[in-house]
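Student: Residue numbers (this note's numbering), protein chains in the order written: chain A, 2 to 115; chain B, 273 to 382.
Just so you know, the hints here were simulated from the structure itself, not pulled from any lab data.
Hints are supplied without guarantee of correctness; some may be wrong.
If you anchor each label on the Cβ, the simulated ranges turn out as follows [said to hold, decoys possible]: (1) A/Arg64 x B/Gln281: 24 to 32 Å; (2) A/Arg68 x B/Glu313: 33 to 41 Å; (3) A/Ala39 x B/Pro280: 14 to 22 Å; (4) A/Val115 x B/Glu313: 20 to 28 Å; (5) A/His11 x B/Ser366: 37 to 45 Å; (6) A/Glu85 x B/Gln281: 15 to 23 Å; (7) A/Gly4 x B/Gln352: 48 to 56 Å; (8) B/Thr349 x A/Arg68: 21 to 29 Å; (9) B/Gln352 x A/Arg68: 39 to 47 Å; (10) A/Leu84 x B/Val316: 44 to 52 Å.
Here are some chain B residues pointing at chain A (derived, C-beta under 10 Å) [to be verified]: (11) Gln278; (12) Ser279; (13) Val300; (14) Tyr307; (15) Glu313; (16) Gly314; (17) Leu333; (18) Thr356; (19) Leu364; (20) Tyr368; (21) Gln369; (22) Leu370; (23) Ile371.
Some but not every residue of chain B turned toward chain A, in silico, with C-beta under 8 Å [what the hints assert, rightly or not]: (24) Asn290; (25) Thr292; (26) Pro315; (27) Leu317; (28) Leu318; (29) Thr320; (30) Trp372; (31) Gly373; (32) Ala374; (33) Gly375.
Remember, it's a predicted structure, so these values are computed and weren't measured experimentally.
For each residue, glycine too, the CB sits at the ideal point set by N, CA and C.
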Amino acid sequence: EAGVTQSPTHLIKTRGQQATLRCSPISGHTSVYWYQQALGLGLQFLLWYDEGEERNRGNFPPRFSGRQFPNYSSELNVNALELEDSALYLCASSPGTGRIDGYTFGSGTRLTVV
Amino acid sequence: TQLLEQSPQFLSIQEGENLTVYCNSSSVFSSLQWYRQEPGEGPVLLVTVVTGGEVKKLKRLTFQFGDARKDSSLHITAAQPGDTGLYLCAGLNSNYQLIWGAGTKLIIKP
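Isolated chain A (complex conformation):
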């Protein structure tokens, strides 16, 4: 069974540009979660999508946005990139709302803003 896949693995952008990160959940999982992890630190919750709807949002500015497609894959968009947006962006999926059995992470996208 394929795990959570994220693309690209690495992304280098210039300050002010936009970045788009993609995530494909495990087959059968309807919930997708996005996290930001600065180097060596813990996880900061960004967004949670389930069944195509945004369920919850972390304490991040509106330039962080996303969506979930009918096949449950998801995109994270970061507009007007700032140097401090450089981080590992992790996606996780689970079978649905309230279900953390099988909560699985992808390997992440390393975003570097220069």
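Let chain A serve as the given structure and place chain B on it in line with the hints.
Tutor: Here is chain B on its own, set in the frame of chain A:
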């Protein structure tokens, strides 16, 4: 705001020693998970504890959920270099949200 305080933040010990990592909160969680993350990878689930007072063992790792379901501990016996990594705890609250600890960076020196 619910918080899950994890301690210590950093631990460097010799191979063969024992250690304990703690996660504490003033909030009750319906379940709590422990993850290990290696550099450049996503966190990998180690265990989920659900019942207050529950103890689960995974080889040399022992996980305990507090009786009141507000705290948890991870104890490693005879640590090995392969145990090196970032250990994260996460509690599931009544709104189905996972609340994350800040992580414990563990280094086991040969």
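Student: Evaluate each hint against the coordinates.
Tutor: Against the structure, the hints:
no., hint, in the structure
1, A/Arg64 x B/Gln281: 24 to 32 Å, "30 Å, holds"
2, A/Arg68 x B/Glu313: 33 to 41 Å, "26 Å, violated"
3, A/Ala39 x B/Pro280: 14 to 22 Å, "19 Å, holds"
4, A/Val115 x B/Glu313: 20 to 28 Å, "24 Å, holds"
5, A/His11 x B/Ser366: 37 to 45 Å, "38 Å, holds"
6, A/Glu85 x B/Gln281: 15 to 23 Å, "21 Å, holds"
7, A/Gly4 x B/Gln352: 48 to 56 Å, "26 Å, violated"
8, B/Thr349 x A/Arg68: 21 to 29 Å, "46 Å, violated"
9, B/Gln352 x A/Arg68: 39 to 47 Å, "43 Å, holds"
10, A/Leu84 x B/Val316: 44 to 52 Å, "30 Å, violated"
11, Gln278, "8 Å, holds"
12, Ser279, "13 Å, violated"
13, Val300, "16 Å, violated"
14, Tyr307, "8 Å, holds"
15, Glu313, "5 Å, holds"
16, Gly314, "3 Å, holds"
17, Leu333, "18 Å, violated"
18, Thr356, "13 Å, violated"
19, Leu364, "6 Å, holds"
20, Tyr368, "4 Å, holds"
21, Gln369, "6 Å, holds"
22, Leu370, "7 Å, holds"
23, Ile371, "9 Å, holds"
24, Asn290, "24 Å, violated"
25, Thr292, "19 Å, violated"
26, Pro315, "5 Å, holds"
27, Leu317, "6 Å, holds"
28, Leu318, "12 Å, violated"
29, Thr320, "7 Å, holds"
30, Trp372, "5 Å, holds"
31, Gly373, "7 Å, holds"
32, Ala374, "4 Å, holds"
33, Gly375, "4 Å, holds"
The structure shown violates the earlier hints numbered 2, 7, 8, 10, 12, 13, 17, 18, 24, 25 and 28.
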